[in-house]
Amino acid sequence: QKEVEQDPGPLSVPEGAIVSLNCTYSNSAFQYFMWYRQYSRKGPELLMYTYSSGNKEDGRFTAQVDKSSKYISLFIRDSQPSDSATYLCATYNNAGNMLTFGGGTRLMVKP
Amino acid sequence: EPEVTQTPSHQVTQMGQEVILRCVPISNHLYFYWYRQILGQKVEFLVSFYNNEISEKSEIFDDQFSVERPDGSNFTLKIRSTKLEDSAMYFCASSADRGQGGQYFGPGTRLTVT
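Chain order of the listed sequences is Z and C. So for the first sequence, the numbering used here puts the first residue at 1; every next one is plus one. So for the second sequence, the numbering used here puts the first residue at 112; every next one is plus one.
If you're looking for bench data, these hints aren't it; they were derived computationally from the structure. Here the structure is a predicted model, which means the values were calculated and not measured. All C-beta atoms in this analysis are idealised placements derived from N, C-alpha and C, irrespective of residue type, glycine included. Warning: the hint list may mix true and false statements.
To be verified - Across the chosen pairs, the derived CB separations fall in these ranges: (1) C:R191 x Z:N27: 30 to 40 Å; (2) Z:Y71 x C:H121: 37 to 47 Å; (3) Z:E5 x C:Q211: 16 to 26 Å; (4) C:Q175 x Z:D78: 41 to 51 Å; (5) Z:Y71 x C:Q211: 18 to 28 Å; (6) C:S177 x Z:E3: 21 to 31 Å; (7) Z:R41 x C:D173: 19 to 29 Å; (8) C:K189 x Z:S69: 37 to 47 Å.
From just these sequences and the hints, can you work out the full model?
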């Protein structure tokens, strides 16, 4: 079983839509979860990180963790064409010294 | 805003040659990492480094790879004898804490082995 999984998409939405991006993980010991945005041939850009369960909001972005179902989500409100990118979820291993990434979901926001 | 920088942005080398990829982590960060991403695939962990020692390495990080912090600002990845399958984007990252907060990535070095 893969440790962190994402639907690869692409997910295509109109400008202004609310976007929901999702990720599942297999190891119940994982505690810290991160969302990165990656534009083509660029480095991953840290958007948000959350600890354990619950919600965290930052501007148009909300990250949600449900540890009971091992499910993490990123919501983007009022999506913009500039949000078009690949979104990666990641989590730390138990020792906290490496990140395991999902394969990423490609998002396209159409004007 | 502080950022991780990497040089060169693109490196072309012949199979069997040695390459050194360079990174300048964020200045007050203590934990350093290398990851790679083969085109169209996941970002994969290579190695983490703290207090002048490797703290974790993946199966990919075999004897052909080494890391070094030669001075107070640079962090390097050396591949001793490159193979075709080493062609990938290599990302350096740094973090202030271990296992908390986030890791901040550089723009990457695209390595092409011919």
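Do the hints match the structure? See the list:
1. Separation of R191 (chain C) from N27 (chain Z) is about 33 Å and conforms to the stated range, judged on CB atoms against 30 to 40 Å.
2. Checked against the hint of 37 to 47 Å, the C-beta distance between Y71 (chain Z) and H121 (chain C) comes to roughly 38 Å, which is consistent with it.
3. A C-beta distance of roughly 24 Å is found between E5 (chain Z) and Q211 (chain C), which places it inside the suggested range of 16 to 26 Å.
4. Taken as a hint, the range 41 to 51 Å holds for the pair Q175 (chain C) and D78 (chain Z), whose Cβ atoms sit roughly 47 Å apart.
5. With their beta carbons about 21 Å apart, Y71 (chain Z) and Q211 (chain C) fall inside the hinted range of 18 to 28 Å.
6. With their beta carbons about 27 Å apart, S177 (chain C) and E3 (chain Z) fall inside the hinted range of 21 to 31 Å.
7. As the Cβ distance of R41 (chain Z) to D173 (chain C) is approximately 26 Å, the hint placing it in 19 to 29 Å holds.
8. Judged by the Cβ atoms, the range 37 to 47 Å given for K189 (chain C) and S69 (chain Z) holds: they are separated by roughly 43 Å.
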